[in-house]
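A.B. asks: If you read the sequences in order, they're chains A and B.
Counting along the first sequence from 1, when you hit position 77 you're at 77 in this note's numbering, and nothing is skipped either side.
Counting along the second sequence from 1, when you hit position 164 you're at 164 in this note's numbering, and nothing is skipped either side.
Simulated from the structure, these hints should not be mistaken for lab results.
Idealized CB from N, CA, C, for every residue including glycine.
Be aware that a few hints might be false.
Here are a few chain B residues that sit away from chain A, every Cβ distance over 12 Å (derived from the structure) [claimed, not checked]:
(1) 35
(2) 89
(3) 143
(4) 185
Using C-beta positions, here's what the derived DEER-type ranges look like [claimed, not checked]:
(5) B:28 x A:195: 50 to 58 Å
(6) B:9 x A:191: 42 to 50 Å
(7) A:66 x B:112: 37 to 45 Å
(8) A:15 x B:119: 52 to 60 Å
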Amino acid sequence: MIDVRDLSRSFGRTVALDHVSFRVEPGEIVALLGPNGAGKTTASRIIAGILAPSEGDVLVDGISVRADPHSVRQRCGMVTDQPSLYERMTLRAYLGFFCHLYDVAAAAKRTEELAELLGLSDRLDVRLGAFSRGMKQKVAIARGLVHDPPVLLLDEPATALDPETARSLRSFIVSLRARHRAILLCTHDLDEAQRIADRVVVLYRGRVAREGLTGVLRADSHPRFVVSFSGDAAAARDALTRAGVKAEATTAENGYAALRFDADEPGTTNPAVLRALLDGGLRVITLVREERSLEDAYFAIVAEAREPETGKANG
Amino acid sequence: MGKAALIAWREIRWEIFGDRGAIIRTGFFALLPILFVLSGRGTGPGGPNEISMLVLALQSTLIPALSGVALIASTFTQEKENGTLVPLLASPVRDLDIVVGKLLGMVGPVMVICTGSLTVYYVLASALFGAARVREALPPQILFALLVVAFLYLITAGSWVLIIAAIVRTTRAGQQIAGLMIGISAAIFAVLGVGAARIADGWALVGLGVAFVIADVVALEVARRVWQRGEVIGRL
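Working from the sequences, and respecting the hints, build out all of it.
C.D. replies: Structure below.
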């Protein structure tokens, strides 16, 4: 488990993290999102025990990163966006080297297990410099797993991977969640985060702008609905306007004409919409809630976090 | 220190023996003693005098050591440039193990080259100037002292170069500063070495060695502090 407590880190005058707190439970994937410079990488490096916090603390499996960073490093597996491999080494030698650094018993067996797990068994004695970018990233993942850590820190792990490899990587990460690992995923890939993250922490300028379950963040505070129907779209919109509902034309997935409208109180608005359309002689096909993508939610959160600055600049 | 040895072994096995360029560059040092011996032939009847033979032996030992300092500078800056330092720092290895491991990984092979170069010089000089004269000019204690001095020089200069490598961002900058340092340190070393060799039948060299050991301890401690993870990562 990762417990980030009121964490701050400065580099000279630059504040990279400013009193950040969040948790990642075992068997949970938490996506750490944010624009460049938000502090994602700094946070993951502090959690990994390779960068000291300026203030606050992080507990990894109950061990303080301030008090015992060595033990924290023993419990964390880290995968960075760049594979950063010793390219003159063979895969077998490379993984064997890291097995020894992490005091893994039966290093040779573990190396072969990991190579098989990531589909690299036939490349064990090939120099890493000859590997493709995707294969190198797989090796970086294997390196992070040599000691079977309870905590995994993945910093843009799917960077530069082809869609097929990225997909298999996602499945692999999800399988690790099933094995009760606490996984922190720092990413810019909102689609990836939406697919696999249980919870999301959005950082903006070193602060937590929003934290919550992925589904909750995606659910807008102003729910939107789409009603599809057969008939004249202009007449339908007029009918809704008369009923006091402002709507905009869209196209439904089923190919019918459709209108999109906000409904802060769906229990009142939706029956009114249906009544207006049916009274107008239109045949209603579907009425569905429009789900906001995580991308939309993210941009809304970042825009909200940016607002005070914009206000100051304008003021 | 087991992990330092592991890091050192990786450097030797994969970064030195895995680098054809490094092997070719190393081959160059085998030529140096031949050139020194050949240059010494014209110094007078029967070849060079004892002091000249000692100076040539010193050069055969120390020129490879000077190159080793540049090697130590580049090994760290390359790791920074390639990002390979991050996984190493993320592993449960102490800062001192990383510094000592990388230093030994470079110092070990360079010392082998220094020894080889001195051996080649000794054998060639014996063949050309006469074994008895060479044995008299270069008794075992002098040969041993030369190697010890080369080792201490490597560790000292290498440790200080590590500090530079922590500060600069690129391999090129690291090598340029290391080159400057090699030049300055070689000049200081030559003056101190020659001066010490002439005092008390060369026993002052022992004092010089002690001074180097003290400098090593200071440099290693400074290198370890400068290489603290937070500082290194902050600069990556």
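A.B. asks: Run every hint past the structure and note whether it holds.
C.D. replies: Okay, the hints, checked on the actual structure:
1. In this structure residue 35 of chain B is separated from chain A by more than 12 Å, as the shortest Cβ-Cβ distance comes to about 31 Å.
2. Not every C-beta of chain A lies more than 12 Å from that of residue 89 of chain B, the closest at about 5 Å, which undercuts listing it as non-interface.
3. Under the 12 Å C-beta cut-off, the non-interface status given to residue 143 of chain B relative to chain A holds; the minimum distance is some 34 Å.
4. Separation of residue 185 of chain B from chain A is adequate, the least Cβ-Cβ distance of about 30 Å exceeding the 12 Å criterion.
5. For residue 28 of chain B paired with residue 195 of chain A, a C-beta distance near 56 Å keeps the hint of 50 to 58 Å intact.
6. Between residue 9 of chain B and residue 191 of chain A the C-beta distance comes to about 43 Å, which sits within the given range of 42 to 50 Å.
7. Checked against the hint of 37 to 45 Å, the pair residue 66 of chain A and residue 112 of chain B passes, with Cβ atoms roughly 43 Å apart.
8. One distance hint, 52 to 60 Å for the beta-carbon pair residue 15 of chain A and residue 119 of chain B, holds here, with the actual separation near 59 Å.
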